[in-house]
Amino acid sequence: MDAFDISASGLSAQRARLDLIASNIANVETTRTSEGGPYKRLQSVFAARANPGGVEMIGAVADPREPRRVYQPGHPDADAEGFVAYPNVSIVEEMVDLVSATRSYEANAAAFNAAKGMAQRALELGRA
Amino acid sequence: MDWDLLSDISSQALAGAMRGSVARHRALADNIANVDTPGFIRREVQFEEALAAAIHTARRAPPRAPETVSSVAVQPRRDRSAPARADGNNVEIDREMVSLASNALRFQAVSDTLAARVRALRLAIEGNRR
Chain A
1047 MDAFDISASG LSAQRARLDL IASNIANVET TRTSEGGPYK RLQSVFAARA NPGGVEMIGA
1107 VADPREPRRV YQPGHPDADA EGFVAYPNVS IVEEMVDLVS ATRSYEANAA AFNAAKGMAQ
1167 RALELGRA
Chain B
395 MDWDLLSDIS SQALAGAMRG SVARHRALAD NIANVDTPGF IRREVQFEEA LAAAIHTARR
455 APPRAPETVS SVAVQPRRDR SAPARADGNN VEIDREMVSL ASNALRFQAV SDTLAARVRA
515 LRLAIEGNRR
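Line by line, the protein sequences are chains A and B. With the numbering used here applied, the first sequence corresponds to residues 1047 to 1174, in that order. With the numbering used here applied, the second sequence corresponds to residues 395 to 524, in that order.
Extracted from the complex, chain A is given alone in its bound form:
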């Protein structure tokens, strides 16, 4: 049944989004990355699937906003003026996003369960 696949796509897209949020929260103070400079906030990009419907995360895009500059002259990553570039992650924003992603995940789980209930009912017709 397509409905299972559609709800499963919602579950996995929201889970992938939760992974990005977790990564953003974990790296809220990360000043060094392999590409150099502070960690950049990642945001999920969702797109609707044409067939059989549902959703998919088509990418994780770096947030283009400027890093947070904090005056910490003693920090090893401080620039000449004594400012350290911290990730452009706002913990408040991430927490709001986290709650929203969790709720959307739960909604997809509820839709999945409803589909399961309907399929079970239909199977019971044969045993009536």
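For the record, the hints were derived by calculation from the structure and aren't laboratory data. Note that the structure is a prediction, hence the values are computed from the model and not measured. Just so it is clear, CB atoms sit at the ideal spot from N, CA and C, and this is done for glycine as well. Treat the hints loosely; a few may be bogus.
These stretches of chain A come out as covered by chain B in the derived footprint (C-beta under 8 Å, 3 or more residues) [stated by the list, open to error]:
hint, stretch
1, 1050-1064
2, 1072-1085
3, 1103-1116
4, 1152-1159
Negatives, chain B to chain A, calculated, CB over 10 Å [unchecked claim]:
hint, residue
5, L399
6, L422
7, E442
8, A446
9, H450
10, S464
11, V468
12, Q469
13, R471
14, D473
15, Q502
16, A509
17, V512
18, I519
Starting from the known structure of chain A, fit chain B onto it as the hints suggest.
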């Protein structure tokens, strides 16, 4: 007279309602999956009026009656009437969850009714030999 056991108008109407409910569930699940997709326009399935009209027609024109009922379309349609959010998405999650629950209950009611018909048929075939 058609001797196919479940091809009477009522059974076909119940089956049509189940098909409609499944199609509606699919559309609702799609709306729910796309609650965070920018620009997504919700879809909905409306079949009750078409099904009622088909049943009405079938009762008046018996020869191809069950076919009239079983051919009722249950295609989803874009619903642009709901107000869109700033990101162009017009899925309202609470509304979708309420529709999801009521649709599942309708499906249950219809499938229970069809199950009762199947039980009655079985009783007629086998007799009460338990």
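Going through the hints against the structure:
Here the stretch 1050-1064 of chain A counts 7 residues with a CB under 8 Å from a CB of chain B, which clears the bar of 3, and the coverage holds. As drawn, the stretch 1072-1085 of chain A meets chain B at 0 residues by the rule of a beta-carbon pair under 8 Å; below three, the given contact is violated. Note: the stretch 1103-1116 of chain A has 0 residues with beta-carbon separation from chain B under 8 Å; the three-residue rule is not met and the coverage is violated. With a cut-off of 8 Å between beta carbons, the stretch 1152-1159 of chain A has 5 residues touching chain B; three or more are needed, and the interface restraint holds.
In this structure L399(B) is separated from chain A by more than 10 Å, as the shortest Cβ-Cβ distance comes to about 13 Å. With a least beta-carbon separation of about 7 Å from chain A, L422(B) fails to lie farther than 10 Å from that chain, contradicting its non-interface assignment. With a closest Cβ-Cβ approach of about 17 Å to chain A, E442(B) is found to remain outside the 10 Å limit, as its non-interface label requires. The claim that A446(B) is not at the interface with chain A holds, since no C-beta of that chain comes within 10 Å of its own (minimum 22 Å).
The non-interface label for H450(B) is consistent with chain A: the shortest C-beta to C-beta separation is roughly 26 Å, beyond 10 Å. The claim that S464(B) is not at the interface with chain A holds, since no C-beta of that chain comes within 10 Å of its own (minimum 16 Å). With a closest Cβ-Cβ approach of about 13 Å to chain A, V468(B) is found to remain outside the 10 Å limit, as its non-interface label requires. Here Q469(B) stays apart from chain A, with its beta-carbon at least about 13 Å from theirs, past the 10 Å limit.
No beta-carbon of chain A is positioned within 10 Å of the beta-carbon of R471(B); the least distance is around 14 Å. Its beta-carbon lying about 14 Å from the closest one in chain A, D473(B) satisfies the requirement of being farther than 10 Å from that chain. Its closest Cβ contact with chain A, about 6 Å, brings Q502(B) to no more than 10 Å, contrary to its assignment away from the interface. The beta carbon of A509(B) is not kept farther than 10 Å from every beta carbon of chain A, the shortest such distance being approximately 4 Å.
Annotated as non-interface, V512(B) brings its C-beta within 10 Å of a C-beta of chain A; the closest such distance is 4 Å. Listed as outside the interface, I519(B) is consistent with that label: its C-beta sits roughly 13 Å from the nearest C-beta of chain A, beyond the 10 Å cut-off.
Hints 2, 3, 6, 15, 16 and 17 from the list above are not met by this structure, while the remaining hints are.
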